[in-house]
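Peer 1: Spelled out, the chains give:
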Amino acid sequence: MTRQQFTASVESSQQAFRRFLVALCCGDAALADDIAQEAYIKAYVGLDSLRDGSRFESWLYRIGYNTFVSQRRSLRPMAEYTEALAVDGGVDADAAFRYESLYRALNMLPDKERTSVLLFYMENYSVKDIAEFEGTNEGAVRQHLSRGRRHLQNLLK
Amino acid sequence: MEDEKMRQLFADFKPALTPDAAFMNRVDASLRAVEAIRRQVAADKKRSRRAVAFAAVGGFAAGCLFSPAIPYLGRTIGRWLRELSPQPAITVIADNATVLAWMAVAGVAAIVAVNTYEVAMAVMSERRRP
Chain A
5 MTRQQFTASV
15 ESSQQAFRRF
25 LVALCCGDAA
35 LADDIAQEAY
45 IKAYVGLDSL
55 RDGSRFESWL
65 YRIGYNTFVS
75 QRRSLRPMAE
85 YTEALAVDGG
95 VDADAAFRYE
105 SLYRALNMLP
115 DKERTSVLLF
125 YMENYSVKDI
135 AEFEGTNEGA
145 VRQHLSRGRR
155 HLQNLLK
Chain B
3 MEDEKMRQLF
13 ADFKPALTPD
23 AAFMNRVDAS
33 LRAVEAIRRQ
43 VAADKKRSRR
53 AVAFAAVGGF
63 AAGCLFSPAI
73 PYLGRTIGRW
83 LRELSPQPAI
93 TVIADNATVL
103 AWMAVAGVAA
113 IVAVNTYEVA
123 MAVMSERRRP
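Quick note, the sequences are listed as chains A and B, same order. Numbered continuously in our numbering, the first sequence closes out at residue 161. Numbered continuously in our numbering, the second sequence closes out at residue 132.
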């Protein structure tokens, strides 16, 4: 894949990918952008390891998820979600506050539950794919989904 | 039913993102930087391979140049060791002084090879500078 082809793939996938990352980062659009950038660079550097070009997007999401996990390890916890909203406010404060309750609810979920819920309900990935992303088994993902759904519904009531 | 509600919740989720053009410019700049680094790494590898070839030639040439001196060097070292001490251990070493001479020549060849590598790398780096 040449740089031009890769850029075209980025252009077609970036909005959905960034939307997913914003949700994963509980509204911190700046952090989501940084993770997206890093994931795209890692993907470009590791393009040779992608055997099936048709699986580019799921491969990218896996890189994005792994980047998010490593960022979480190096950064402070996202408990201060209000700060994240303040950052997002720079882009569009109204939109940030519109999703305040969703971000707060997502922030209360453990990482794996949040990721499973977002990949399954937002990005329509299968349980099998999600298990692959998270390096776990399908039963664990089903459990994350069931718990995450229940938690979200309770938190959003 | 619950699944549908959840899907609807995220279908309506349209957060404000930084402008696409700004994001793509940043990605593009990063990809260009990656390309530049790759080119640099490839050039460095090529340079290093050439320097290794020069070093091998330099080391071989030094070995060829100093090899004729090995018999003379062996005799000299042996004589010097015998004069140094009559102990049996020293005498054994003195009898095999040619081995020491070979080692000395090999050492000189290795030093020449290392220096040739360093000089070749420095010269090629100098040439690459604009």
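Since the hints were made in silico from the structure, they are not lab data. Please note that the accuracy of each hint is not assured.
Said to hold, decoys possible - Here are a few chain A residues that face chain B, going by a calculated C-beta distance under 10 angstroms: (1) Phe10; (2) Gly31; (3) Tyr48; (4) Leu54; (5) Asp56; (6) Arg102; (7) Tyr103; (8) Met112; (9) Leu113; (10) Leu122; (11) Tyr125; (12) Met126; (13) Glu127; (14) Val131; (15) Asn141; (16) Glu142.
Stated by the list, open to error - List of simulated lysine-lysine pairs, BS3-like, C-alpha gap at most 25 angstroms: (17) Lys7(B) with Lys116(A); (18) Lys7(B) with Lys161(A); (19) Lys161(A) with Lys116(A).
Every residue, glycine too, gets a C-beta built ideally from N, C-alpha and C.
Peer 1: It remains to establish, for every hint, whether it holds in the given structure.
Peer 2: Hints versus structure:
A cut of 10 angstroms between beta carbons decides the hint on Phe10(A): the least distance to chain B is about 7 angstroms, and the hint holds. Hint status for Gly31(A): holds, given a least beta-carbon distance of 7 angstroms to chain B, under 10 angstroms. Hint status for Tyr48(A): holds, given a least beta-carbon distance of 6 angstroms to chain B, under 10 angstroms. Here the hint on Leu54(A) is broken, as its CB sits about 16 angstroms from the closest CB of chain B, past 10 angstroms.
A hinted interface residue such as Asp56(A) counts as satisfied when its beta carbon comes closer than 10 angstroms to some beta carbon of chain B; here the least separation is about 22 angstroms, so the hint is violated. The beta carbon of Arg102(A) is positioned within 10 angstroms of a beta carbon in chain B (closest approach about 9 angstroms), and the interface hint is therefore held. A least Cβ separation of about 6 angstroms between Tyr103(A) and chain B falls short of the 10 angstroms threshold, and the interface hint therefore holds. Look at Met112(A): its Cβ only gets to about 15 angstroms from chain B, farther than 10 angstroms, so that hint breaks.
The interface hint given for Leu113(A) is violated, since its Cβ lies 13 angstroms from the closest Cβ of chain B, which is over the 10 angstroms cut-off. Hint status for Leu122(A): holds, given a least beta-carbon distance of 7 angstroms to chain B, under 10 angstroms. Checking Tyr125(A) against chain B by beta carbon gives a least distance of about 4 angstroms; that is within 10 angstroms, so the hint holds. Restraint check, Met126(A) versus chain B: the minimum CB separation of about 4 angstroms is within 10 angstroms; hint holds.
Restraint check, Glu127(A) versus chain B: the minimum CB separation of about 9 angstroms is within 10 angstroms; hint holds. Taken as an interface hint, Val131(A) does not check out: its beta carbon lies about 12 angstroms from the nearest beta carbon of chain B, beyond 10 angstroms. Taking 10 angstroms as the C-beta cut-off, the interface hint given for Asn141(A) is violated, the closest approach to chain B being about 21 angstroms. The interface hint given for Glu142(A) is broken, as the beta carbon of that residue sits about 17 angstroms from the closest beta carbon of chain B, more than 10 angstroms.
Restraint check for Lys7(B) and Lys116(A): satisfied, since their Cα atoms lie roughly 21 angstroms apart, inside the 25 angstroms limit. Note on Lys7(B) and Lys161(A): the hinted pairing holds, with a Cα-Cα distance of about 13 angstroms set against a maximum of 25 angstroms. For the hint pairing Lys161(A) with Lys116(A), the CA-to-CA distance comes to about 22 angstroms; that is within 25 angstroms, so the pair holds.
Of the numbered hints given earlier, the model fails hints 4, 5, 8, 9, 14, 15, 16; all others are met.
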